[in-house]
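There are 2 protein chains.
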Amino acid sequence: MRAEILSCGTELLLGHISDTNATYLAQSLAAQGIDIYHVSQVGDNQGRVVKLLQQAWQRSELIIMTGGLGPTEDDLTREAISELLGEEMVVVPELEAQLQARYTHLTQSMPQRNIKQATLIPSAQSIRNPVGSAPGWWVEKDDHILVAMPGVPHEMYQMWENEVVPRLAKYTGGLIFTHLLRVYGLGESAVEERLDSLLHSLNPTIATYAKSDAVDVRITAKAEHTEDAIQLVSSMEEQVRVLLGDYIFGIEGDTLASVIGKLLQERQQTLGVMESLTGGMLASTITDFQGSSNHFIGGIVTYSTDLKVQMGVPKETVERYGVISEETARAMAHAVRERLGTDFGIGVTGVAGPDKQEEKPVGTIYIAVEGPEGTLVGMGPGWHAGRADNKRYAVLTALDLLRRYLQGILTPQ
Amino acid sequence: MRAEILSCGTELLLGHISDTNATYLAQSLAAQGIDIYHVSQVGDNQGRVVKLLQQAWQRSELIIMTGGLGPTEDDLTREAISELLGEEMVVVPELEAQLQARYTHLTQSMPQRNIKQATLIPSAQSIRNPVGSAPGWWVEKDDHILVAMPGVPHEMYQMWENEVVPRLAKYTGGLIFTHLLRVYGLGESAVEERLDSLLHSLNPTIATYAKSDAVDVRITAKAEHTEDAIQLVSSMEEQVRVLLGDYIFGIEGDTLASVIGKLLQERQQTLGVMESLTGGMLASTITDFQGSSNHFIGGIVTYSTDLKVQMGVPKETVERYGVISEETARAMAHAVRERLGTDFGIGVTGVAGPDKQEEKPVGTIYIAVEGPEGTLVGMGPGWHAGRADNKRYAVLTALDLLRRYLQGILTPQ
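If you read the protein sequences in the order shown, they are chains A and B. The opening residue of the first sequence carries number 1 in full-length UniProt numbering; numbering runs sequentially from there. The opening residue of the second sequence carries number 1 in full-length UniProt numbering; numbering runs sequentially from there.
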């Protein structure tokens, strides 16, 4: 089955937004083993939309449209599909009642022009939209399927996952089950190298994605019954876990901050941090996890050396080894643990850039994690990345070091 | 002149990356008054690229391609253009020498297949690429222009701005000059409302963009001579400044953090912060500005009430008014200013969510800025945004309050 994506909206052609809907759909189609050869963006112009639809109808069996389902005159997707197929739009009383109910619920009266959101053509069925006013269209005709969904991303995601993917199952050879593993400490190509023997598997498929905080490994299986798909994914997951081991820190929506947060809370332990290089980003990332006030006591951003000393880092340590040193990172972790009375303390120092410091190059990073069983230390890559990347790298490496401490992967000394 | 964009790369069709190149180019074309009706993404398949090029040749006078200029077999843009126009690729000695020089400089030997990066067809001129190995192609034939640029964003941006936009000047009716104003404290629609009388201007044009840290207003003028374009922009800028006043905090690459950083450094003054709600994000944002160690002494992330008291917030204040109160924000600003000995202190407290605190709803934010002339206070919007948005909003509002303090826009008490 050959698919293509057609995204409608003049805002796309003006560069006001990027077409992230297409990216999302392309990922999902690839995971389902559906080939996709074309993606296009077009403005809110019925003639041009129809022309593109005609082309798409010739070269693809599955056409996925987003956008243009709103109530205004600019929203022309329904009209374009009607013109393409030579079918007339008629108001469907059931859809009209649902639309009216929505407005009653919002204690507003429905603008007359919105009635077009309650229409269908003979070849179309409506697709439920639980979070917005515009139902989608599922069109089947002459061995083609055309799906029209809203352009608002969260409406589209829900409709796609809950309504469209299940309906596509019978065309793609079964139901889809997908599972995500999150990896830290290996680059995307190193992950692919380790997974080399599995990457060509056709069912389940495996795909890797480099994200800013991890490398994601997505396993997707297709089967006639959900249980079989789940079984396929789970035996593939076992193999992936053997190859990637401890580098896997979580699944689905996990972050390093949520993983260490949950581990600390299970153990009823607390955390404090002292950071210079990362300038507050370590504390901020820890507090992105919404339950963090249960384990995170606080942080000290010691951007000046005087403040480090004021907060308990021995002056001798700084003078003897320099601010940018493993010893100072250790002293910071120790000082904040003492001062805040926490079970764990993290210290991070280094050179964010753009200039070197104490003759140490940009990208030099020292991290120490002190806990009840001793201290673990980590070092930065030493490569010269940008300031923002150095900060982010140091934050993630510090959190991963704490995770390895808490999970007993590394033994503190 | 009608333009379209064609982005080549299988990674786009697999959803590995979003086509942000197209977004960038669309913005620039809109600013130059060039109409754009189609954007398409296609994989690394010569047949399909040629087919799309044939279509584009029929419906557009300017075709802008990105991607497919690398040295590998997957890189097929040159081959596709040659096939489209029926012209043969020939190695150009001058380009070959440049390519060789690049490898000599890197002390590597050039792989033989890379030679195709030194080719042209008779209708094509090469476009200089100072940051990468692949020159672009500028093709003129039969009243059409076709531009092929690398897909790597920073290579493409430079080539577009420095080489392509100037060459397009004679087709777009002149040279382009553009200027960006950055606005904080008004939403995008409020900015557009204030600029209503100017938004329909055709030369200069004005466009607004909602960014995560500001609303950007871009003024773009076209003229035969640069000086005239600059003059047009500058008189429009005057009018915009009258309508937006103090809400404009900077231009081009400025951020609130860079603006307050420069103001403090001019005055040789220093800053410290105490934050709970924002969890370190305020300090982190301040230190994103690369010169920040000259004015930023440090920050204290007092996620627990005990730590607030330990760091100098009077226990009575917290007990009497609650942690989430203007009084506590004031006490935090005062305490950090005293403790760190800085000229300015900022205190931020509030409810980030997802749960309310002290019976105060998510989105409650209190900010205090204490300086030599007294204290300014700010409050949060009170609306229930997500946790990340509440943090971001509080950080930006705190920085903007300090800016207004430093610029004498608001009078502290």
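Hint data in this document are derived by calculation from the structure and do not stem from the laboratory. Be a bit skeptical, because a hint or two may be false.
No copy is singled out in the list; a pair is fine if it fits within one copy or between any two copies.
[Said to hold, decoys possible] Derived pair list, reagent style DSSO-like, types lysine-lysine, alpha-carbon separation capped at 30 Å:
| # | residue 1 | residue 2 |
| --- | --- | --- |
| 1 | Lys141 | Lys51 |
| 2 | Lys170 | Lys141 |
| 3 | Lys315 | Lys141 |
| 4 | Lys356 | Lys262 |
| 5 | Lys51 | Lys211 |
| 6 | Lys356 | Lys141 |
| 7 | Lys262 | Lys51 |
| 8 | Lys262 | Lys360 |
| 9 | Lys116 | Lys360 |
| 10 | Lys315 | Lys116 |
| 11 | Lys315 | Lys51 |
| 12 | Lys116 | Lys356 |
| 13 | Lys211 | Lys116 |
| 14 | Lys170 | Lys315 |
| 15 | Lys116 | Lys262 |
| 16 | Lys262 | Lys170 |
Note that the structure is predicted; figures quoted are calculated from it, not measured.
Structure-based check of each hint:
no.: 1; hint: Lys141 to Lys51; result: both (18 Å within a copy, 26 Å between copies)
no.: 2; hint: Lys170 to Lys141; result: within (16 Å within a copy, 49 Å between copies)
no.: 3; hint: Lys315 to Lys141; result: neither (78 Å within a copy, 72 Å between copies)
no.: 4; hint: Lys356 to Lys262; result: between (37 Å within a copy, 21 Å between copies)
no.: 5; hint: Lys51 to Lys211; result: neither (37 Å within a copy, 34 Å between copies)
no.: 6; hint: Lys356 to Lys141; result: neither (65 Å within a copy, 51 Å between copies)
no.: 7; hint: Lys262 to Lys51; result: neither (53 Å within a copy, 54 Å between copies)
no.: 8; hint: Lys262 to Lys360; result: between (36 Å within a copy, 26 Å between copies)
no.: 9; hint: Lys116 to Lys360; result: neither (66 Å within a copy, 42 Å between copies)
no.: 10; hint: Lys315 to Lys116; result: neither (73 Å within a copy, 60 Å between copies)
no.: 11; hint: Lys315 to Lys51; result: neither (74 Å within a copy, 70 Å between copies)
no.: 12; hint: Lys116 to Lys356; result: neither (63 Å within a copy, 40 Å between copies)
no.: 13; hint: Lys211 to Lys116; result: neither (40 Å within a copy, 33 Å between copies)
no.: 14; hint: Lys170 to Lys315; result: neither (70 Å within a copy, 65 Å between copies)
no.: 15; hint: Lys116 to Lys262; result: neither (48 Å within a copy, 54 Å between copies)
no.: 16; hint: Lys262 to Lys170; result: neither (40 Å within a copy, 62 Å between copies)
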